[in-house]
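Peer 1: Letter by letter, the chains look like this.
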Amino acid sequence: LRHADQSREPDELPALLERVSPDLARVLYRFRIPAQDSDDLLQELVVQFLENRRRVESPEAWLVGTFKFRCALYWRRRRRNLVEAIDGAILDELAGGSPARQEHDDLSRDLSRAIDELSERCRSFIRLRYGLGYENPEVAERLGYSKTGIRKISSRCLDALTDEILSIEPAMEAFENA
Amino acid sequence: MLEANRDIACTLEGDVLSRFERGEAPPSERSRVLTHLLSGCGSCSDRLRPAASVRKFADPAPSIHRILSRVAEIELRLDAENATADELWRDFQKHPSPRQWTLLNNSARFNSLAFAERLLEAGLDAIYDDPHRALELNQMALVVAVRLDAHQYGRGAAEDLRGRIWARIANSHRASSNLPAADSALATAAELLQAGSGEPLAEAELWYFTASIRRAQRRLDEAMVAIRRSRRIYRLLRDQHLEGRSLLNQAMIHEIQGDLDSAVVCTRKALAQIDPKRDPKLCFAARHAFVWNLMCAGAAEEAQRELDALKPTYLENGDRMVILRMHWLEGRIRRLRGDRATAEASLRQALDGFISAEIPYEAATVALDLSVLFAESGRTHELKPLAAELVEVFQRLGVAREACAALLMFEAAARAEAVTLGFLSQLNDYLGRVRSQPGLVFSPKD
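Residue numbers (the working numbering), protein chains in the order written: chain A, 185 to 362; chain B, 0 to 445.
Treat the hints with care, as some may be off.
Stated by the list, open to error - Counterexamples of contact, computed for chain B against chain A with all Cβ distances above 12 Å:
#, residue
1, Leu87
2, Trp100
3, Ser376
4, Gln394
5, Asp428
As the list claims (entries may be wrong) - Below, a sample of chain B positions facing chain A; criterion: calculated Cβ distance under 7 Å:
#, residue
6, Arg21
7, Leu47
8, Gln193
9, Ser196
Claimed, not checked - Capping the alpha-carbon separation at 25 Å, the derived lysine to aspartate or glutamate pairs in DMTMM-like fashion look like this:
#, chain 1, residue 1, chain 2, residue 2
10, B, Lys276, A, Glu268
11, B, Lys276, B, Glu74
12, B, Lys310, B, Asp124
13, B, Lys383, B, Asp338
14, B, Lys268, B, Asp318
15, A, Lys336, B, Asp124
16, A, Lys331, B, Asp182
17, A, Lys252, B, Glu190
18, B, Lys280, B, Asp124
19, A, Lys252, B, Asp182
20, A, Lys336, A, Glu244
21, B, Lys383, B, Asp351
22, B, Lys383, B, Glu343
23, B, Lys276, B, Asp307
24, A, Lys336, B, Asp220
25, A, Lys336, B, Glu301
26, A, Lys336, B, Glu221
27, A, Lys252, B, Glu20
28, A, Lys252, B, Glu74
29, B, Lys310, B, Asp129
30, A, Lys336, B, Glu190
31, B, Lys276, A, Glu244
32, B, Lys268, A, Glu241
33, A, Lys336, B, Glu20
34, B, Lys276, B, Asp220
35, B, Lys280, B, Glu305
36, A, Lys252, A, Asp271
37, A, Lys331, B, Glu158
38, B, Lys280, B, Glu301
39, A, Lys336, A, Glu353
40, B, Lys280, A, Glu241
What the hints contain is simulated information worked out from the structure, not anything from laboratory work. Each residue gets a CB set at the ideal place from its N, CA and C atoms; glycine is no exception.
Just chain A, with the same shape it has in the complex (with noise of 0.2 Å):
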């Protein structure tokens, strides 16, 4: 990548941030950030944009266009931590989590409630990385995908069962108790 014209003074980070600002805010609404997140994501944003000066042949332009990035950014983060904590939960369930039978029982019931709603694939996933305890390369073998086939299967699934577990409903016995 070829250095934008390194001749020029570079722009006072001042005057060019008052000049973005109302385009940063607008991507902030886009975006829908949460307040407490924002400036921290704009702080990011100008670290980057001190660091990667050099580089930048329109500042404005690089600042609202990189914004836009993190701010889809921090979202796809967010949702892949949600989907990672879910994951990693369900995988130490599986592994001898909870010491009570009957809690176990009722867990992997109401696992399998959710598993049941997703795709055919999706479920022959599942099945083999929670039932048989497979690493995604093993059940790429098995169900015959490529290296990046099967983590784009992976994640897809693993959204979905997520999806699930977030619309599950309450079973009818625990309005009763309540």
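Given chain A's structure and the hints, the job is docking chain B onto it.
Peer 2: Just chain B now, kept in the frame of chain A:
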């Protein structure tokens, strides 16, 4: 009614759920939250769902002054780092390569993002003239990058830098005809950039290099998708020059697809966008590509006129590789115009240059152009030494066994004076494909 029941049933503490959502909960808490969610707690599911189904919050106005006060110190530090890197670089580039390695390996003063950037800039500069040196400079940048203290820079900056370096390494391998190594370096780059900050210039460049490598591998559909993605990002960032560079790459893909009209259109657009001050070598490459496309389209007279106009600039500013390509182009234009004697001289200059630069496949392709010229003029006896020379070069440079075997067949046919134009065309096509498929065997049809 249902919501009320759900609230009554919820017994999970808010901070436990927050830790779970951020991926920071310990296993015992994860298990508790999972059991709780599976029991159907609506309020907890609703709280997690914005992260699951994305985008549901109100906006704050950005507070520029607060942010400026927080980054003031970082800005001063980065300015100082840049000034030091400039100073170090001025001294560093005076040394020969082995001494540069010694300096890098023995001193921590080079360990900065700014110095790694200087190495990357020099690496890109060298790619036109000396791809092996470009690779070496990128490898030096990698040595610096892996030693960087990641906490000293912004989130994801170290991954971004390493990802960009691996992408440059991939491109250097491509430029020196090592496509398997290019492919593997590209995969490393993609993985690192995925873990990085999402900086769009780095992503656009990755797509750009992906297109170049897929083009060299003749995976042209993938190359086209990649180059369009890189163009889209450069357009979004309003970097006309780099979008022009992508357009030039797109023109080359069209050319290989045999769509010469689109190639000429893209090259014209690229020429209008590329800034000669920002990258004079790229500008040369674009002008060279334009003449090449005219030649491929059979417009020999126009191509010769354009080349004559360009020639002084080539000789004045062009790097070794660019000048070799100019001789190659000139030889082909002259052959097209029926001027065999001067065509031979130009092709011979290009061939000798590629051999001494150790760029085997380019050397072989030029040699085949020369062979066609000999075959057309009935000088089949001259194919023998040419074929023997090529075999020696391929074996010396350790080119894939199957490609060497194809050249041995060429040598045998030349010795038997049995080389035909059809055979040369098949060998040319084979050499284009074997670069990306090293196990491919040459089996000419009669």
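Peer 1: Does each hint fit the structure? Answer for all of them.
Peer 2: Going through the hints against the structure:
No Cβ of chain A comes within 12 Å of the Cβ of B:Leu87; the nearest lies about 15 Å off, and the non-interface call holds. With a cut of 12 Å on Cβ distances, B:Trp100 stays outside the contact zone with chain A, its closest approach being about 24 Å. Even its closest Cβ contact with chain A, about 43 Å, leaves B:Ser376 beyond 12 Å, as expected for a residue assigned away from the interface. With a least beta-carbon separation of about 34 Å from chain A, B:Gln394 lies farther than 12 Å from that chain, consistent with its non-interface assignment.
With a least beta-carbon separation of about 28 Å from chain A, B:Asp428 lies farther than 12 Å from that chain, consistent with its non-interface assignment. Evaluation of the B:Arg21 hint against chain A yields a held restraint, the C-beta minimum of about 6 Å falling below 7 Å. Interface restraint check for B:Leu47: the shortest CB-CB distance to chain A comes to about 6 Å, inside 7 Å, so the restraint holds. Violation of the interface hint for B:Gln193 is found here, the shortest Cβ-Cβ separation to chain A being roughly 10 Å, above the 7 Å cut-off.
The beta carbon of B:Ser196 comes within 6 Å of a beta carbon in chain A, closer than 7 Å, and the hint placing it at the interface holds. Proximity of B:Lys276 to A:Glu268 is assessed by CA-CA distance (about 49 Å); at most 25 Å being required, the pair is judged violated. For a cut-off of 25 Å, the pair hint linking B:Lys276 to B:Glu74 is broken: about 28 Å separates their Cα positions. At most 25 Å may separate the alpha-carbon atoms for a hinted pair to count; B:Lys310 and B:Asp124 meet this at roughly 21 Å.
With a C-alpha separation of about 23 Å, the suggested pairing of B:Lys383 with B:Asp338 holds against the 25 Å cut-off. The straight-line distance between the Cα atoms of B:Lys268 and B:Asp318 is roughly 24 Å, inside the 25 Å bound, and the hint therefore holds. A hinted pair counts as satisfied when its Cα atoms are at most 25 Å apart, and A:Lys336 with B:Asp124 does not qualify at roughly 37 Å. With a C-alpha separation of about 15 Å, the suggested pair A:Lys331 and B:Asp182 falls inside the 25 Å cut-off, and the hint holds.
Restraint check for A:Lys252 and B:Glu190: the C-alpha separation of about 21 Å stays at or below 25 Å, so the hint holds. For the hint pairing B:Lys280 with B:Asp124, the CA-to-CA distance comes to about 8 Å; that is within 25 Å, so the pair holds. About 30 Å separates the Cα atoms of A:Lys252 and B:Asp182, which puts this hinted pair outside 25 Å; it is violated. For the suggested pair A:Lys336 and A:Glu244, the alpha carbons sit about 34 Å apart, so the restraint of at most 25 Å is broken.
For the proposed pair B:Lys383 and B:Asp351, the alpha carbon gap of about 16 Å is at most 25 Å, so the pair holds. Pair hint B:Lys383 plus B:Glu343 holds up; C-alpha atoms about 16 Å apart against a cutoff of 25 Å. At most 25 Å may separate the alpha-carbon atoms for a hinted pair to count; B:Lys276 and B:Asp307 meet this at roughly 22 Å. Among the hinted pairs, A:Lys336 with B:Asp220 is consistent with the structure: their alpha-carbon atoms are about 21 Å apart, no more than 25 Å.
Taking the CA atoms of A:Lys336 and B:Glu301, the gap is near 50 Å; set against the 25 Å cutoff, the hint is violated. A threshold of 25 Å between alpha carbons decides the hint, and for A:Lys336 with B:Glu221 the separation of about 18 Å falls inside it, so the pair holds. Of the pairs offered as hints, the one joining A:Lys252 and B:Glu20 holds, with about 23 Å between alpha carbons and a cut-off of 25 Å not exceeded. Between A:Lys252 and B:Glu74, the direct Cα distance comes to roughly 23 Å. Compliance with the 25 Å bound is thereby established for this hinted pair.
With a CA separation close to 21 Å, the supplied pair B:Lys310 and B:Asp129 stays within the 25 Å bound. Distance check on the hinted pair: A:Lys336 and B:Glu190 sit about 14 Å apart at the alpha-carbon level, within 25 Å; holds. The hinted pair formed by B:Lys276 and A:Glu244 meets the criterion: a straight-line CA distance of about 22 Å does not exceed 25 Å. Restraint check: the Cα-Cα separation between B:Lys268 and A:Glu241 comes to about 19 Å, which is no more than 25 Å; the hinted pair holds.
Between A:Lys336 and B:Glu20, the direct Cα distance comes to roughly 22 Å. Compliance with the 25 Å bound is thereby established for this hinted pair. The suggested pairing of B:Lys276 with B:Asp220 is violated, with an alpha-carbon distance near 33 Å, which exceeds 25 Å. Restraint check: the Cα-Cα separation between B:Lys280 and B:Glu305 comes to about 17 Å, which is no more than 25 Å; the hinted pair holds. As the CA atoms of A:Lys252 and A:Asp271 are separated by approximately 29 Å, the hinted pair breaks the 25 Å bound.
Using a Cα cut-off of 25 Å, the hinted pair A:Lys331 and B:Glu158 holds, with the two alpha carbons roughly 22 Å apart. Distance restraint check for B:Lys280 and B:Glu301: the Cα-Cα separation of roughly 23 Å lies within the 25 Å cut-off, and the hinted pair is therefore satisfied. Our distance criterion of 25 Å between C-alpha atoms is broken by A:Lys336 and A:Glu353, whose separation comes to about 28 Å. Between B:Lys280 and A:Glu241, the direct Cα distance comes to roughly 18 Å. Compliance with the 25 Å bound is thereby established for this hinted pair.
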